[in-house]
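Chemist: Each chain, written out:
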Amino acid sequence: MAGLVARVVVTPKRGILDPQGKAVQQALHTLGFGEVADVRVGKYVELRLRDLAPAEAEARVRAMCERLLANGVIEDFRVDVAAERA
Amino acid sequence: MRWGVVTFPGSNDDRDVLRVAERVLGDEAVPLWHKDTDLRGVDCVVLPGGFAYGDYLRCGALARFSPIMEAVRAHAAAGGLVLGTCNGFQILCEAGLLPGALVRNRSLRFVCDVVTVRVERADTPFTYGCRVGDLLALPIKHGEGCWVADEATLAALEAAGQVVFRYTDRAGRAVAEANPNGSMANIAGVCNSERNVLGLMPHPEHAVERLVGGEDGLRLFRSVQAWLGRGAAGGRREPTVVPGP
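These protein sequences, in sequence, are chains A and B. Residues 1 to 86 (the working numbering) are what the first sequence spells out, left to right. Residues 1 to 245 (the working numbering) are what the second sequence spells out, left to right.
Simulated from the structure, these hints should not be mistaken for lab results. We treat Cβ as the ideally placed atom computed from N, Cα and C, and that holds for glycine. One or more of the hints may lead you astray.
Restraint-style ranges between C-beta atoms, simulated for each label pair [said to hold, decoys possible]:
| id | chain 1 | residue 1 | chain 2 | residue 2 | range |
| --- | --- | --- | --- | --- | --- |
| 1 | B | D150 | A | A63 | 45 to 55 angstroms |
| 2 | B | G96 | A | V24 | 25 to 35 angstroms |
| 3 | B | E22 | A | Q20 | 33 to 43 angstroms |
Using the sequences and the hints given, assemble the complete structure.
Modeler: Right under this line is the structure:
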């Protein structure tokens, strides 16, 4: 079975203060990128999966996010699963 | 009484709490390792400050899966007392034993200071010997102490009287300037709905002797002693229920 790669992006929830995002936004403005209206800094987690059918993978990774990779009180997450490139 | 103190890999206030229990309070102090699965009959288990698992992923996110946490969960469910300070508070939130979460300080800076906190509730085992409105001077030292929750959760906590400590100025006013980390509603500590689990960012264990750091933190430990012994010395006194702010 071909390997799979899951890409998980975790971001601060809307409405939850993101002080890092605010600081980055200010820095970008200082550098002349005035068009930046909002910045949210999150996390990227890449998982290589084995022995898992593609159909099951997304549900498994979502379960990982709910249990550990993201904290639902403060964070949202997105999951993308693709075949691993040889 | 018996105090249990959990050491996770990366805890660093565990010995301070053990010292308070044994040397300052004259109680039994039971060191517990995070891989233990039994709390050895302690009355109150303390999750101390530090950087469990290096704060990897999120503060407390990995520590909550340590084997001992199942025992802590069962202890709490049975009405046993659980106190989390700083990193311990973060672990209790991650474990879902306390509401909300602790994120980066709004200033993005690590804060190390002595702050004033106001006692909001005297009807918890941890504030049993305090009065509502009492001001305590307690040390803080954290980078992720900004307590957040959604508005509905915050409103429910306020209504249920689960906000136990708030950062204030020395006059007891919960103003923005007295908030060291940007916590919603100046929240420094919350308890669960059953009131037997408390978490706070300040460090009561670092304020137990007049010579160093003051004695205000001792009031939490003495409260627990008094609460547990409340039936023993005659004249049973139930926790005073007082209206919230």
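Chemist: Check each numbered hint against the structure and report the violated ones by number, ascending.
Modeler: Checked against the structure, the only hint that fails is number 1, while the rest are satisfied.
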